[in-house]
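For the record, the sequence lines run as chains A and B. Numbering-wise, this note's numbering puts 343 at position 343 of the first sequence, and it's gapless, one number per residue. Numbering-wise, this note's numbering puts 156 at position 156 of the second sequence, and it's gapless, one number per residue.
Mixed in with the good hints there might be a few duds.
[Claimed, not checked] Below, simulated DSS-like cross-link-like pairs (lysine-lysine); rule was C-alpha separation at most 27 Å, straight line:
#1 K61/B with K103/B
#2 K323/A with K305/B
#3 K490/A with K305/B
To be clear, the hints were calculated from the coordinates, so they are not data collected in a lab.
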Amino acid sequence: MRLLLAIALPLALLAEGAPIRKEAQRQPAATTAKKKLRKIRSTAKHLASAPAPVATDKTAPAAPAAADATEARQQPAPGAGSGGAGAGKKWEVNPEPTGTESVFGGHVDIGARWVTRAGDFNTYRSLVNLSQGARMTNAQLRLEPADSKLLDSGLLTLTAWGGDPYNTARLDMVKRGVWRLNSTYSNIAMFNALPSFANIGTPGSPLFFNQRTMDTRIRNYDNELTLFPGTRIMPYVGFSRNTNFGTGITPLVLELNEYPLRNVIDWSLYEVRGGIRVEFDRFHATVEQGGRRFRDDQFVYSTETLPGNRSTPYLGQILSLTKGNQLYRIRGEAEHTRALVTTSPFHWLDLSGSFIRSRPKTYSELNQLIRGNVVDPNNPLLLLAGTTDYFFGNATMPHISGSAAAEARLGPRIRIRESWETDRFHTTGINTLRSLQFFTPTSSSTLVLTGGERLEVSRHRQQIEAIWDVSKQLTIRGGHRYEWGRSLMKASTYSQGAPYDRLEMERQGGVFGFVLRPVQRVSLTGDLEFIDGIKTYYRTGLYDHTRLRFQTRFQLPKSLFFNANYSRLTNENPNPDVRYWYEADAITGSLQWLPGGGKNAAIIAEYQRSKVRSDINFLYPLGLFPVASNYRDYAHTGTMLIDLRLPLARNYSGRLSAGGSFVTTSGVRPTDYYQPQGRLVLPVTPKMEFFSEYRYFGLSQTIYVFEGFRTHMYMGGVRLLM
Amino acid sequence: MKACHVPLMAALAWAGWLAAAPSGQEPAKKDQARAAAPAKEYVGSDTCAGCHDEIHTNFRKNAHILLETNKRRGWEGKACESCHGPGSVHAETTSADDILSPKKMTPAAIDQMCLACHKNQQTQVGRIQSGHARNSVACTSCHNVHKTGEEASARQFRRPAGVNRNCQGCHMDVWASFQKPHRHPLPEGAMSCTGCHNPHASFLNRNMRLTSGQQPGCFQCHSNKRGPFVFEHAPVRNEPCTICHEPHGSANPRMMIRHEVANLCLECHSNIQSPPRATTAGGVAIATHDLRQPRWRNCTACHQKVHGSNVNGALLR
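One chain only, chain B, in its complex shape (with noise of 0.2 Å):
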């Protein structure tokens, strides 16, 4: 960490110390009011269906009725308070401050409501060094529960479209990518964010997702970059397939992150000495590769096996 870094985390310090502050002169109000709140008690679905008639007849049809009926789970016929806690003081009160409510819970508090159940499942290894997980992304920013018909998560995650919409609300930066004119095809609906990323777990780096075991999630679409090659092209596994490309979107050809190959090779392929004089890899390019002839300017125009090839070990065919 910089030196310059240092007044930024003084200030987010302070800032964590001013918003602690408040609740500080609270536990003694805190205390006083649990010792005179009543005790809460489960009173089962039916009883919330009193109310909520219409969430309650929804319900049948969310993978979730599974509790209401599921005698393991230790929920059976208390699917509802399953997550929003015993409701027998909000039964007699309706007061929506007597009962647990994911609009009011912190990420802390919903991710413990969702994970109760949810935290010991496939789709959950990894969350610990996800990306969503470290910055409070709560379950329910991308899920809903309640709702039905189109408006479902559960149905809008079905379409590249739904999943796109959501992960946009928060990732505007990474939709507009994808105005691009070259770019993976998502504005079309021809893929989502999820076919890339893993939006749960993953102890890749971008929350990136593994095919075939441990591959990256690129070579499921673009198997023929897999390997192994007889001579590989080291960049292509030593480093993610970001060296080369800007995988959202771009206005360079091919998702290029330089407008012209021969830039972007050159930039790695400049080195006179070897290591370990050289600080890095790479090389150069022969001589006779004279720049100012349009034939040298793009170099997979020869170099066309740059993702690794079985014959030649200049990438030559």
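Here chain A stands alone, though its shape is the one from the complex (with noise of 0.2 Å):
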């Protein structure tokens, strides 16, 4: 037993006993140099511990959001953490202790919020749809065991929960080496009922209201889970869905008259992926296979007897719907497979690629039944008692895209970048109509219909551009580009031609750009395009075209950093049948003062003057005459945060939080949208904190006052830190 224990007690710390040996042989150079550390440390110590600055990067200095209070009392700013959580001894709001060795902590806000309004109900919805009561608007819990064998740290993070239109939560879960899980949810209310959008009539007329609103909830659901994170070989499997449910107006359009009716949507769809990834230090594969199914299933249907949108009698008789039955049931399929690469073969030469192709399939059929006074579709003379309309169809879309580049470094400034991407795909599709005509409820014929399309489309570009590092203050680059495509589409219905239409689009030119650090707080980027157009498929499509931008920072005295943004595109066609001339530029500056790293107080400022212009003839469609489409929109858009630490009492302070954001806009349609808020935190024990905050919002619009509204809410609610 002696000779055992004698055998396996060193081989037992030999075992784990690497470092062991490693302390053993570093530990006279460690020695060392931690003696010759000490001795200097007492000087050196203010190297250590300064603080780093706001912006530590110079290229793209972090700037809290100024739009979101609620986030910005949680960060104060980059930059503060080293002394956010407070002195040990003072009683300061703080979101989380950093640097903590807890297992679990994190926080959750719960609170109830008070709602007025005035105005039109539905825009407010359509824009805010913010209702009262209670909530919880915020969680976040962390859990890191400090030995387990199955997890390493775990973090859920929730936002707007309990009732609000919009909720997220995001799952992290992973044990280093073995294995790591992502999961997000997002539920998201889209209620779109604006007055204006489609109505059909006047104000005070019974048509008076948008026939194409939706009350939905989009649901978005993804999963992802990897084995063996950070290893060489890394399978991973993934599911997704994404649901839309909730009703709508919709109108059921017949020959000659439509009418807007009730909707029911409901669609789904469900991927599941799985592949692996493959990653040496020189080379990196992956390669997937993906399956979704979808399924989409509308029902529109009638309650009443309606007249329609029309408003003038047919060949003498009132055209009318009794009764109206829409029934989509659509269902779809497809596979995906994708492969992507990255290899360094050369230490001066990157290489990545990607193949990607798809077939979806989609199989759909309508079953529509109409009774009323309506127009026979196929003989504008004839007035029916109905129709019973079966459809089935079905269509395939394969799918194939490529991409490759290279990036050579010729040397330790020059670098040259050469990529080249492909997507080509066609949709083929038909279907068959067989339709019931009563001419009286009792009499009918049978009339069958096939119809279907084919759609092929094929796009490429080609860049090249060399970057050369002309020294540490400045970088530029200059490259040419070069886009493809063509496209098969149906003609017009007007088209004296074949069925088909064939068109190209094609266009080149240079690109440039520059990053100029002259000294350390100030840079100074660009990025222009100069395209010549010389094919599109339409008459808005890109053609001539130029793009820029331009951006500087600088740093001012320590904790006062100023952005100035300026981008321009322009587009002109000036083909005769076209004579297209757009242009939108935007001028944006901002300001941030962070002084003591944003620790007592932190001002975000930002501005921007925009505009977007355009004009372009259309052919007005009754006589074909030329009508001018000018497009003008002219927008201020501001957005501020100022927060302050509140010294209350000795040892107790608070934070307040005010800010928000303005537009308004002149043009074709001036619009003002307010959106003011001040957000109050007061800690009430160590692990309670009170926030309250108040929101206003404000639309007004000189074109559709009736779309105005103005809403004040409170929210009042307690943080609980863990």
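Both chains are given apart, each in its own frame, so use the hints to dock them into the complex.
Put into structure tokens, the structure is as follows:
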């Protein structure tokens, strides 16, 4: 036994003693170094403990949101973390201690909202849609067990639960080297019933309502489980779900009249994907196979006799609908294969590529029952008592896309980048209509028609660029881009030639850019594209266009930052049958003042002046004479956030945030939209904080005055810290 | 390129020459300094902990701690120096000039540092042609490695609001669009910029994300528009969604790029002649569409399946 122990014990120590051995080997050098460090540590301590400047990277200093006071309060300013927890002896607002060793932590915000509102309710719901009641506005729960074989960390993040129009959840769990799970969920309300959008009548008329409304909820659910993350071979599997369910109003379109009917919307998509990632030092490959199923069931139905949108008799008779039902049933399936590769065969060369193929298909059915006084779609002089239609059809879309790119480093200062992309697919669809046409409620005839279309699309892009690091202060790049494509699409109804048109898209030009950093606190970047159009598919498509973007950042005294940004897009098509001119530009400036890293105060302000102008003629349908379409939109947009620490008593302070945003536009649709807000947070106990929030939303439009609304919201609640 | 752009290019080239000129005077001095500098050696993370104990302690919760123990990566016990370079001189002098620091490195050098490990990963496929790489946006512009708790980028990016705040720092003009009344719900925290854009790499324009293999990212949420349809509306397929919609925010309903639907549709559907005599596609609307009546001003009131129909070639149902 003693012999066994004598052998086993050193072996056991050795087995887990690699660190010990390394410690022994390293110890002389480390000990010497540590002794030296201790000697000079007192004088060098300021280097280790100096707060990091807010903009640790001069190319892109972080900028806390100006509009979200809640989030800004949780994260007062980057770089403030070292002091954000506050001294242990002070009672400060504290989202979460930093560098904590606790296994479980987090916070939960719960409260209640009160809402007062004036103005149009449907517009309010279309834009804001916040209601009153109890809410859990925010929660973050963290689990980091110290010595667990199953889990290293888990983080659950929740926002806006309890009845708000948008809620999200995210779960991240990892056991390093073994497994990783990322799961996200979102539930977003899609309510849209703007009176002005698709209303057929004038204010006061019975047809004054939006005939294309929806009150639905889109839910997204995505999960991905990766095995052995961080190792060479990582299998993964994912599951996604996207659904939408709700109601709305949609017109049932018949010959020479339309009837707005109630609509039940219900579609869903499920996707499963799985693959494997292989990562070596100089090579990576990912191969993925996935499949999805899609379902779309819509039901349009009437509940009363309707006269429709037509206001005049036809052939001396009033057209009407006594019963109208449409039942859609669409089923779809698809599978895709994806292959991704990156490799660095030489230290001066990087290559990457992708290949993706898919073949989605859909199968559709429509049952339609119409009863009333309607026009025969095949004979405009004939009125019918009704029709019963049955459509069935299917469509496929084989799709292949690929890309390849290379970067060659020809020396320490020169890089050449070449990329190429291609995307090709076509859609082939066919359907059959079987229609029973009722001349009287009991007498009918059968009509069978088939139809279908083909659409072909191919597009390609090739770009080459050279980047020159002229010096540490300046990098410039320049290159050439060429895009081209072809499309086969259905010809115009009045086309005298073939049933399909073949069109091409082609454009090419120069792309340039620079990054200038004359001193550490100043940077200027530019991105420029000058593209000549040769062919385009549509009158308003990109043709001769220019994109410019300039951005400058500079840091004034230590805690003051200024950013300015200018962007511009122009697009012009001078062809005689088009004559299109488009211009959009925006100039934006922002200021951040974060004295002391934002611990006591932070001011963030941003302003933008933007313009959009577009001129083109279109043909007025009745007469085919040209009419000018001149679009103008000029906007002033501003956001601001002031965040202050409130020292209310000795060793007791809260935080006050105030700010919000405004937009005021002029042009074809003048709009004013104001969203101020304020928030006060006071610590109650070391584990609880009280918060109080006020928000206002106000919309007014010069032309659509009836869509205006104003709403005041107050929310009070507590944050529970764990 | 038009002739009027030549002066701008000349100005940029002149600025480049100016910026390059001073460094040409330094090579000799640099050679002398290099010859006199002591050789740098790796000292191990424990040495770094001697002064940077807080960073060293917090680093245990960082994903990069993998380097400290993983033999395959070749940085076992030297995780700090895997990014910051050999630290022997810095350990002696404690000068920040004697160690690599992203605060003082060019974007290309920062990328080289990070991509030494992260280059050959799935997230970087398409990086070469992506907008961030082309504009020298370094990895550390968005990611911080040493911050902990709420300030860690890894924690911030778990929340849509954290992602949006980070992107807003540079893309202020885009964030301003999201203050308009009709918008994707980013200010509400329901979505983030990365829901539609891939910040690392994409071979699509504007770093657009793909979904289900190769479909544009818009269809991740708007699945009912994916198709395929028996009767397609061609611009939905051969142009991006932005030909009709402003994806960030707009004063126009349904985030359209025009205030009235009729203008949007008729600007394309105004070709009396068909290709090839007409240079573009679209045709014309039928004569009964009398725009003087409100009934005809919103095309989608009748052409309700404007993204594609399985039943009707005119997209009426």
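Hint by hint, here is what the structure shows:
{"no.": "1", "hint": "K61/B with K103/B", "in the structure": "holds, 23 Å"}
{"no.": "2", "hint": "K323/A with K305/B", "in the structure": "holds, 22 Å"}
{"no.": "3", "hint": "K490/A with K305/B", "in the structure": "holds, 16 Å"}
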